[in-house]
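Quick mapping for you: the protein sequence lines, in order, are chains A and B. Residues in the first sequence are numbered consecutively from 54, following my numbering. Residues in the second sequence are numbered consecutively from 7, following my numbering.
Treat the hints with care, as some may be off.
[To be verified] The list that follows gives simulated cross-link-like pairs (lysine to aspartate or glutamate, EDC-like), each with its CA atoms no further than 16 Å apart:
hint	chain 1	residue 1	chain 2	residue 2
1	A	Lys89	A	Asp61
2	A	Lys92	B	Glu147
3	A	Lys94	B	Asp198
4	A	Lys106	A	Asp120
5	A	Lys109	A	Glu82
6	A	Lys66	A	Glu82
Since the hints were made in silico from the structure, they are not lab data. Quick caveat: nothing in here was measured; it's all calculated off a predicted structure.
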Amino acid sequence: MSIVINLDVILAKRKMKSIELAKLIGITEQNLSILKTGKAKAIRVSTLNAICKHLKCQPGDILEFQDLENTE
Amino acid sequence: IVDIHQFMGNTPGNIHYQGRFKMSNISRIKKVSHKFRVMFSVLVILIPIADVLFWVMFNDLPRGENIILTEMDSNFDLQTRILLFAAGLVSTGVAIYGVLTLARLFHLYEKGIVFSADNVRYYRNLGFCIIGWMITSFLAEPLNSLIISRNNPVGEHYITVGFDQFDLFSLIIGSIVVLISWVMDEGRKLEDQQVYTI
């Protein structure tokens, strides 16, 4: 997967723990971990909306495209 | 009505759906599956025992046209019964494997696992098992007739081959179960995708 989710960076900037964010956006800590570790295959717009709302950021701040095929 | 998504683990294959889902349905599936699992587990042991007992007690079993078990009028000596038992071992083995597969499948349902790769594999194996049981039974019939007629005078040995509606039914059902395994595999892929959709 070439889309990288940089949640850890934003969480550190906002001084927020994963468990707090998970409760705020209404998902389990396990699901948040799936997002953080890059195992997610899709993210709902509603989830992205909730993350950006509570972290006070833009989607581009947490979503990054890395062209892994060409860099290898 | 409970929102399963919030507190059930996101392990692929677990029963959970987007949005609301009636908790009672999962409990019902698990409860009924437990009963089936126990039943098939017991059958795994009972079938070989029944098979042995059938041939041991063959000569003492009730006879008649309407009794399914013993359509034949003759009594068989011990050697013939042993040979007939041996001839039927492969199809009995396939039947036992099929029942064991069912026990394992319902064990997964008992744990709430519906769309895993194991479920798909058990369905596929079950389908092939039903077809295999039909084929082995079909092949055992001429063997049985040879065994029964082996002591007949020269010129009175015979081979019987038969394909009845029950065999056709087994073939169709087995094929349908294999098809169901393909459908279940699609379900597994959808489930897998959904588990990793946050």
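Status of each hint after checking the structure:
1. A/Lys89 / A/Asp61: 7 Å, holds
2. A/Lys92 / B/Glu147: 55 Å, violated
3. A/Lys94 / B/Asp198: Holds, because 9 Å separates the two Cα atoms, which is no more than 16 Å.
4. A/Lys106 / A/Asp120: Since the Cα atoms of A/Lys106 and A/Asp120 sit roughly 28 Å apart, the hinted pair is violated (cutoff 16 Å).
5. A/Lys109 / A/Glu82: 20 Å, violated
6. A/Lys66 / A/Glu82: 19 Å, violated
Taken one by one, the earlier hints fail for this structure at numbers 2, 4, 5 and 6, listed in ascending order.
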